[in-house]
Amino acid sequence: MFGIKISLFSSAKTLETKIDSFHDKVIDAAMTFHKSISIYLEEGRSEDFKKNNKQLRQIEHDADQLRRDIENRLYAQNLIPDLRADVLELVENLDKVINRFDEVSYQFYIERPEIPSIYHARILTLVGQVTECAENMSIASRSFFRNFSSVRDFSQKVYFLEHETDLSSGHLKESIFDSDMPLANKLQLSTLLDEIENIADLAEDCVDELLIFTIKRDI
Amino acid sequence: MDILFFIFLSSGLFLGWSLGANDAANIFGTAVGSKMLRFKTAALVSCLFIIIGAVFSGGGASATLNELGRVNAIAGAFMVALAAALTVYWMVSSGLLVSTSQAIVGGIIGWNLYSGYDTDLSILSTIVSSWVLCPLLSGIIAVLTYFAVRKILHLTHIHLLRQDSYLRCGLIIIAAFGGYALGANNIANVMGVFVDSSPFQSIYFHGFYFSNSQMLFLLGAIAICVGIFTYSQKTIKTVGNNLMSMTPTIAWIIVFSQSLVLFLFASQGLKNFLSSYGLPSLPLVPVSSSQAVIGAIIGIGLAKGGRDISWHIVGKIFIGWIATPLISAAICFISLFFLENVFQQKVYM
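Protein chains in written order, with this note's numbering: chain A, 1 to 219; chain B, 1 to 349.
Accuracy of the hints is not assured; some may be wrong.
Restraint-style ranges between C-beta atoms, simulated for each label pair [said to hold, decoys possible]:
id, chain 1, residue 1, chain 2, residue 2, range
1, A, Gln58, B, Ile313, 55 to 65 Å
2, B, Leu113, A, Arg84, 50 to 60 Å
3, B, Leu144, A, Lys96, 38 to 48 Å
Simulated from the structure, these hints should not be mistaken for laboratory data. All C-beta atoms in this analysis are idealised placements derived from N, C-alpha and C, irrespective of residue type, glycine included.
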């Protein structure tokens, strides 16, 4: 029985580390995405941008592996049977956000949009809000595992930032469509802004579910 | 030793089997139902401690039952246990909440009435008040434990996965404690009435002394364990998901409260300790583990702010307090008449 207990504690500890690493990946992805867009706005599709994009792809790949490993361990070792489904869904939702960061950055790489410099600062602000939103989502999710009373605080920040991204993106699109740019460019930029803004929407959806999981987790 | 003794003992063993089949769900039902523990692990740990509890601490509650009525003929004891078993069976099939403790007390009163022995009313009132006290006390303990566990979880920030590991260890410990308490408290229901007519001799075994009643309790405890291994898994599957659809932490609190209450009503050591300091102590009386569980569930429901207490269930408990002993006493009285006059058995001395 002693052996069983030791193995139970050690497998819990291993999975605990993996879940923590997964949350780190969300923050890594957000920071790398922010850096990618700043480089693109400064230098276009430069070597530096390509390198950063590759780094983001690697983070996404590592996160996928971690997610699969977490899922397998949760089921194979029969851990937290009552909350297992919730934890799996949470991890899936976080992974969707990481994937989105990678996809949007790759879209910049493929489409190479021409962005007039007058919009650079405002796009960076929007990207900053989106990455902060994802970071707070990750912190809220981490809190779910350790200190679930603070999940609500971080979730509130996510809601606030998501609303801010809606406003920033809306204003930005208005000024783009008011400009003399060709319509094709306007539509391309508008789609890309939608893609960036959607990341905050995904974070909001994730936090919505997280709050329900938290109510279930509270004894 | 007479083979007839074992035939008469069969009603007590059957009562023990049904106790194991039904009440094991109260100890580890949710832990097994929620896949936190494997059935075999939980059953094995519980059985071991049921035997320890019954053999080493079962004397207190059994002595109280004997004070209520000294069933001094084996045929009489057989009928008391059979009347209790039939009452439990009938009430369970009628969907009423039933306790073997109440059924056996009814049976003893039926025997007292038939044999013309007086029923000690002060003992009877102590037993009846303990039935009311049992779910109340369990509810209070559950509420206090609930708030304490909640506070600890909020303050310590233990990782969810580590909590899960601690909880599994806690569920194993509580399966042991619950088993011990069930054995110590409820063995009186199963074997208490046979103590005075037991043909066993006390023995010394490797320096240990075993009284004749302890050997009787060992047989009863084995019957409970057989009930656990042969039938309780079915009960857990049926009852576990309806009544006990709750988190494993809440389940732990409920089993802890229930076990503590059963222990408080069975521990001679604790009673002696409190009495030595002039403190009030609880009587050593067999109480219902199912009613203790329901008391704890209602207590936690109230603590969580639930306003909709199931008065339907409370009503069923109340009916059980009155109907179970009455039915059991009536069955016992009538059956003793037939056993004595038709089957020519001596049902009292």
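If any of the earlier hints don't hold here, list their numbers in rising order. none
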